[in-house]
Amino acid sequence: MPAFPEAARAAIGDPTLRANLRHATHTIRDKRARAVAELDDWAELRQAGKEIKDRTLRHLDTYLLQLEEAVTAAGGTVHWATDAAEANRIVTELVRATGETEVVKVKSMATQEIGLNEHLEAEGIAAYETDLAELIVQLGEDRPSHILVPAIHRNRAEIRDIFREKMGSWGRPAPEGLSDTPAELAEAARLHLREKFLRAKVGISGANFMVAETGTLVVVESEGNGRMCLTLPETLISVVGVEKVVPGWRDLEVFLQTLPRSSTAERMNPYTSMWTGTRDDDGPSAFHLVLLDNGRTGALADEVGRQALRCIRCSACLNVCPVYERAGGHAYGSVYPGPIGAILTPQLRGTASEVDASLPYASSLCGACYEVCPVAIDIPEVLVHLRERVASEGGKGHRLERAAVKAASWVLDRPAALAAGQHLASATRALHPKRLPGPGARQWSEHRNLPELPAEPFRDWWKKNRT
Amino acid sequence: MRVALFVTCVNDAVFPATGVATVRLLERLGVEVDFPAAQTCCGQPQFNTGYRAETAPLVRRTVRAFEGYEYVVTPSGSCAAMVRHHYASFGAAAAGLAPRVHELTEFLVDVLGVTDVGAYFPHRVTYHPSCHGLRLLGLGDRPRRLLEAVKGLELVELPGAEECCGFGGTFAVKNPDVSAAMGADKIANALSTGAEVLCGADNSCLLHVGGMLSRQGAPLSAVHLADILASTEEEPWQ
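Line by line, the protein sequences are chains A and B.
Those letters in the first sequence? Residues 1 to 467, by my numbering.
Those letters in the second sequence? Residues 1001 to 1238, by my numbering.
Watch out, some of these pointers could steer you wrong.
What the hints assert, rightly or not - Simulated restraints on C-beta separations:
| hint | chain 1 | residue 1 | chain 2 | residue 2 | range |
| --- | --- | --- | --- | --- | --- |
| 1 | B | 1088 | A | 183 | 50 to 60 Å |
| 2 | A | 19 | B | 1156 | 24 to 34 Å |
| 3 | B | 1088 | A | 165 | 49 to 59 Å |
| 4 | B | 1145 | A | 175 | 32 to 42 Å |
| 5 | B | 1099 | A | 156 | 47 to 57 Å |
| 6 | A | 156 | B | 1096 | 57 to 67 Å |
What the hints assert, rightly or not - Covered, in the sense of this in silico footprint (three residues per stretch, anywhere, with C-beta under 8 Å from a C-beta of chain B), are these stretches of chain A:
| hint | stretch |
| --- | --- |
| 7 | 2 to 9 |
| 8 | 366 to 374 |
| 9 | 408 to 414 |
No wet-lab data here; the hints were simulated from the structure.
Where is the CB? At the ideal position from N, CA and C, for every residue including glycine.
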């Protein structure tokens, strides 16, 4: 995966992609703003969400143990996974034990994070995504580019083509003469998926929340496919990041208001499914919860960075981010794109790779993401904090950059040296070319003219005119 | 009233006219202006790029330069935001400077209590609220109120005004293509207003947008708010 600036360049050069992204993000950001403005107590809800998450994170061990106890008491089984490999192994073994070779899935960021589908495929198990957008991505052999709208980068005509070409090789083919109207596309997906829901014996899900006091898991979704996956199969396996736990039911009151308004601009999401262990004659007869760490306790140890773990995956920050709008989700090289991805991914994966080291810089620090975040994650603060980490590790380019910054600070800490530099620049200004070589200046003058330097700096004017 | 001018390093070296305009404006309003010559840079570019250790001496220098001034006025929302939001993390002395630093429009509206500063600027103007002024300082409608009171000025709405112009300090260098794409949209929006002047209260953003306008040869000038407010019938802008 190339570093963010290179990956973004490709996206910027694709006019269809840019138009798709622009249309989608502007539509949803405007709707979100209206939905949020309807609530007089939005600021209080935001503060409450932040505090609930912070308190839970401070006592994460306590709540997770309470959750395990409650899940077990309700007939479920809890598995702890340190990393992606362990989580994938656990899930594969659980599916194998059922004797099945296919599973239906409701959209889950956690399973994408660990690459579960690819792992299952390698083990001879087919995993079918059932969320409409995930289906589009899966059929198109593509990658999701948005947390909530994984196929945001595709328009209707592209989706029709994918359905026509690929549905048949995965199951029920697309109807003859499929058009690109939303109703026909949705119907094609519905028919295709219905077969899978009714056949599958194993379902795999994530969860938006886990309630520690009762061991209840919660999924909020809009299409009803989640409810199918959670209720029809005999075995349900939920893979959930450890940070998704909340202490009690009262806490959901806050998030069930802030999440839908922030994500889809709805007052309430269409389907809220909750499940607690197993029960005779109702839902799956076996329930497994895989609690995923995969770098989360590392992030938790960072006092500034840990606020990223408050994230409820609403994607409001993506929809409002001017950088995401131009670069698209794929440029982030991670399951979590956009501003939240830029702070979450380098914490979960570390900053050793080129793409991970470039993510904290994939922002102009404009602050729009912080403004819309329903749990008040100060994303710009964490970005700067992570930049410190990347810069201090001295990776590619950063040793040279530090030397330049050090030199500049040395000059800036000496007004006489600074004035001498300014005088030199002013005296030679007639010789300055419009386009410059060298790191920084070259990138700058690729798109912009440099300003003509003044005949004298302000401090000289002051000396002549006011002292 | 006596204030210290925090001109900022970009204005000092590249846009001295903005510093001069700020001095003339404040003096016209009866304010006595000092320029502590020991000031250089607030450290924001270093800080925002991840070089905290290299920022510290500049923070100390800035704090020392403005010791003893109750009011420090700066024609830069982003440098004011650096001091207000991040200086506290550099110790108690730095924290002490934060509440004394006022962005120009805050100083005019909140401290001096004026919106009509007696300016004259007979041009069609659109206003870009820079992100740090907008979100970190919460300048709100202060710049608009000041512009609306300027004689001869026609203020036109900028579509997508609250979207970032794509400067972002070193962002413009580290992510040049995204930065340019953002700048291009900002310019297209500004040109759609038919304005002659794109006004802002942060010369760093104007350096970026103005540089792109100049490259395109667009019929629009990027002008700092202070230059507009300092302009009078007797001493007009340019």
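> Which of the stated hints cannot be reconciled with the structure, identified by number in ascending sequence?
Replying inline: 4
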